[in-house]
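A.B. asks: In order, the protein sequence lines correspond to chains R and P.
Under the UniProt record's numbering, the very last position in the first sequence is 219; numbers go up by exactly one each time.
Under the UniProt record's numbering, the very last position in the second sequence is 329; numbers go up by exactly one each time.
In short, the hints are calculated from the structure, not lab data.
Where hints are given, some of them may not hold.
Using C-beta positions, here's what the derived DEER-type ranges look like [stated by the list, open to error]:
#, chain 1, residue 1, chain 2, residue 2, range
1, P, 117, R, 10, 47 to 53 Å
2, R, 38, P, 239, 31 to 37 Å
3, R, 13, P, 204, 43 to 49 Å
4, R, 61, P, 204, 42 to 48 Å
5, R, 31, P, 117, 29 to 35 Å
6, R, 212, P, 7, 45 to 51 Å
7, P, 223, R, 13, 41 to 47 Å
Derived DSSO-like pairs (lysine-lysine); straight-line CA-CA distance at most 30 Å [claimed, not checked]:
#, chain 1, residue 1, chain 2, residue 2
8, P, 178, R, 72
9, P, 130, R, 124
10, R, 54, P, 3
11, P, 29, R, 72
12, R, 7, R, 162
13, R, 128, P, 42
14, R, 54, P, 29
15, R, 128, P, 178
16, P, 44, R, 34
17, P, 3, R, 29
18, P, 29, P, 44
19, R, 124, P, 226
20, R, 60, R, 8
21, R, 181, P, 130
22, P, 240, R, 73
23, R, 99, P, 90
24, P, 315, P, 143
25, R, 34, P, 178
26, P, 315, P, 329
27, P, 329, R, 73
28, P, 3, R, 128
29, P, 240, R, 181
30, R, 29, P, 96
31, R, 34, P, 240
32, P, 240, P, 282
33, R, 181, P, 178
34, R, 128, P, 282
35, R, 176, P, 143
36, P, 143, R, 181
37, R, 124, P, 329
38, R, 54, P, 282
If you're wondering where the values come from, they're calculated on a predicted model, not measured in any experiment.
Here a beta-carbon is modelled for each residue, glycine too, at the ideal position from N, C-alpha and C.
Next come the chains, spelled out residue by residue.
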Amino acid sequence: MTATDVKKLDAAQTKAMILYAGEKIRENKPLLTKVDSAIGDGDHGIGMSVGFEKVEENLKDQEFTTINDIFKKTGMSMVQSMGGASGVIFGTMFLGGVKDLDSKSELDVPVLSEIFSASLDAIKQRGKASLGDKTMIDALEPAVNGLKESVTDSATLLEALKKAEENAADGVEKSKNYIAKFGRAKSLGERALGNQDAGATSVWIIFKSMREWVEQLNK
Amino acid sequence: MKKVINNPGDVVEEMLEGIMRAHHGSFQKVEGVNGIVKKELKDKVAVVTGGGSGHEPLFFGVVGDGLADGVAIGNVFAAPTPNTVQEVAKTVDSGKGVLFIYGNYAGDVLNFDMAAELLEFEDVQTTTVKVTDDVVSAPLERKEDRRGIAGDIFVIKVAGAAAEKGLSLEEVTAVSQKANEHTYSIGVALSPGTIPDSGEPTFTLADDEIELGMGIHGEPGMERTKLMPADELTNQLMEKLLDESQLTSDDEVSVLINGLGSTTLMELFIVNRKVAQILDEKGIGIHDIDVNNYCTTQEMGGFSISLLELDDELKAYYDAPANAPYYKK
């Protein structure tokens, strides 16, 4: 079996994939700090690193039987350690996704799509932001649309994550042209134009890392 | 910037240890989270404040009698987590409810709101007053979007006194909201503070430049200009503040001149002298003046001027006794 054929991950693999995404976020701390310092308060990279350090601490030695528990533990670790706006928003990205999800022992494309669609709704409700407000939603919403299309097209897991990653990257690029409605960048108005949103950048890194992890599977 | 720290990741925890050693007589630490509450809690409405670290002595410095009962402490310039707020609120709640008072920043709102939702499940009743005193941070028609700066002090003072008097949660909330609506502040930045973790300044300003109306984390203000004499600067700030507050000669105010970190008391008193002169000229009554460093941003240079427009009710609460490590009346 090659990575291109992978249809689903079990709980242990899902956990490993999330831990890998966390590693990549921490590796990108300087990039996130730089992006956030340009128009925000410069603490996004620090916060995300703190959050994923806690995720690693809490997930590493624990065995999971359901996808739900992995996402829940990931989200709670972030909410309880990060603080700031990112703590609640990125925590909700994992927590909100499994809040109403039936217990799942495997992660396939439909489940992945269902989880992140629910996250997107939960984040919109909590943060009251929409596409085009120069927030992480600018990357998450297109990524979720990519996942939904992949369900319709019966795509493999790798194809679905590739599509999500590409859409997220496109969203990060587009966020440069948006005027911020939240956070410190809001008071910059048009002065923030040309700069990408830090939260959207984190969303892109998360999808990119999940794609990388699946791609290297069984290679 | 040189800083007296150990591992940058440990600054909040180590500061808390130092605070607890100094104030163990009046403070107790909340188990498992970065929270501090009064040692002797009373059977009354509780006031909880909080926010990011790095602004000391806010917010821990106003935990005391007739002020706040507890504080939720975040990482440097980052709002405290929901579970921190939740644990602090549970510790101080006597069954009469908890009022949250904090500066209006997206991160604080998200975390305190999430805590309020979680507390509902535990039967702790909460209300919220978001401080919105910075008149430059949004126009009048979007007053609810304004940020909170040193005016936090006035609102917490009034809330604490009202709670001490035995008012209900609804009543304490209403009078605190009124205090917020009567508080007007404006700041000026001379130089940035430094984030301990990254060592980076929170913003950049040329050596000879200042920014009128800049926020305490470097949020853009109304004008970047060359440094000018204290009287001229104070004149410009007061002009904007008096225009926003619409104060007239029938009014009476309490004044707070707040240093942002590295501006000296000498400079703050020079500013205060001019503020008092301007208020005298306008015939606006001065009930009280407080020149202090309450709301700082590390070694940021600059100051803010806050006015609390008093009526009989607010004046009584403002004058009520208070005793915390960094606020006494």
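A.B. asks: Each hint needs a verdict: does it hold in this structure or not?
C.D. replies: Here is how each hint holds up against the structure:
1. P:117 x R:10: 47 to 53 Å: Given range 47 to 53 Å: violated, Cβ gap about 33 Å.
2. R:38 x P:239: 31 to 37 Å: holds, 32 Å
3. R:13 x P:204: 43 to 49 Å: Between residue 13 of chain R and residue 204 of chain P, where Cβ atoms are some 46 Å apart, the hint holds.
4. R:61 x P:204: 42 to 48 Å: Once the Cβ atoms are compared, 44 Å apart, the range 42 to 48 Å for residue 204 of chain P and residue 61 of chain R holds.
5. R:31 x P:117: 29 to 35 Å: 33 Å Cβ-Cβ, so the 29 to 35 Å window holds.
6. R:212 x P:7: 45 to 51 Å: violated, 31 Å
7. P:223 x R:13: 41 to 47 Å: violated, 56 Å
8. P:178 x R:72: Violated, because 40 Å separates the two Cα atoms, which is more than 30 Å.
9. P:130 x R:124: holds, 22 Å
10. R:54 x P:3: holds, 27 Å
11. P:29 x R:72: holds, 28 Å
12. R:7 x R:162: Satisfied, since the Cα-Cα distance of roughly 14 Å is no more than 30 Å.
13. R:128 x P:42: Violated, at about 37 Å.
14. R:54 x P:29: This hinted pair holds, its Cα atoms lying about 22 Å apart.
15. R:128 x P:178: Since the Cα atoms of residue 128 of chain R and residue 178 of chain P sit roughly 26 Å apart, the hinted pair holds (cutoff 30 Å).
16. P:44 x R:34: Violated, at about 46 Å.
17. P:3 x R:29: Holds, because 22 Å separates the two Cα atoms, which is no more than 30 Å.
18. P:29 x P:44: holds, 20 Å
19. R:124 x P:226: Distance of about 42 Å is beyond 30 Å: violated.
20. R:60 x R:8: holds, 21 Å
21. R:181 x P:130: Measuring from Cα to Cα gives roughly 19 Å; hence the hint holds.
22. P:240 x R:73: violated, 49 Å
23. R:99 x P:90: holds, 25 Å
24. P:315 x P:143: holds, 24 Å
25. R:34 x P:178: violated, 40 Å
26. P:315 x P:329: holds, 13 Å
27. P:329 x R:73: Between residue 329 of chain P and residue 73 of chain R the Cα gap is close to 46 Å, so the pair fails against 30 Å, i.e. violated.
28. P:3 x R:128: Violated: residue 3 of chain P and residue 128 of chain R sit about 38 Å apart, past 30 Å.
29. P:240 x R:181: holds, 25 Å
30. R:29 x P:96: violated, 44 Å
31. R:34 x P:240: Outside the cut-off at roughly 34 Å; violated.
32. P:240 x P:282: holds, 14 Å
33. R:181 x P:178: Judged against 30 Å, a Cα distance of about 27 Å means the pair holds.
34. R:128 x P:282: violated, 43 Å
35. R:176 x P:143: holds, 28 Å
36. P:143 x R:181: Holds, because 15 Å separates the two Cα atoms, which is no more than 30 Å.
37. R:124 x P:329: violated, 44 Å
38. R:54 x P:282: Not satisfied, since the Cα-Cα distance of roughly 56 Å exceeds 30 Å.
The structure shown violates the earlier hints numbered 1, 6, 7, 8, 13, 16, 19, 22, 25, 27, 28, 30, 31, 34, 37, 38.
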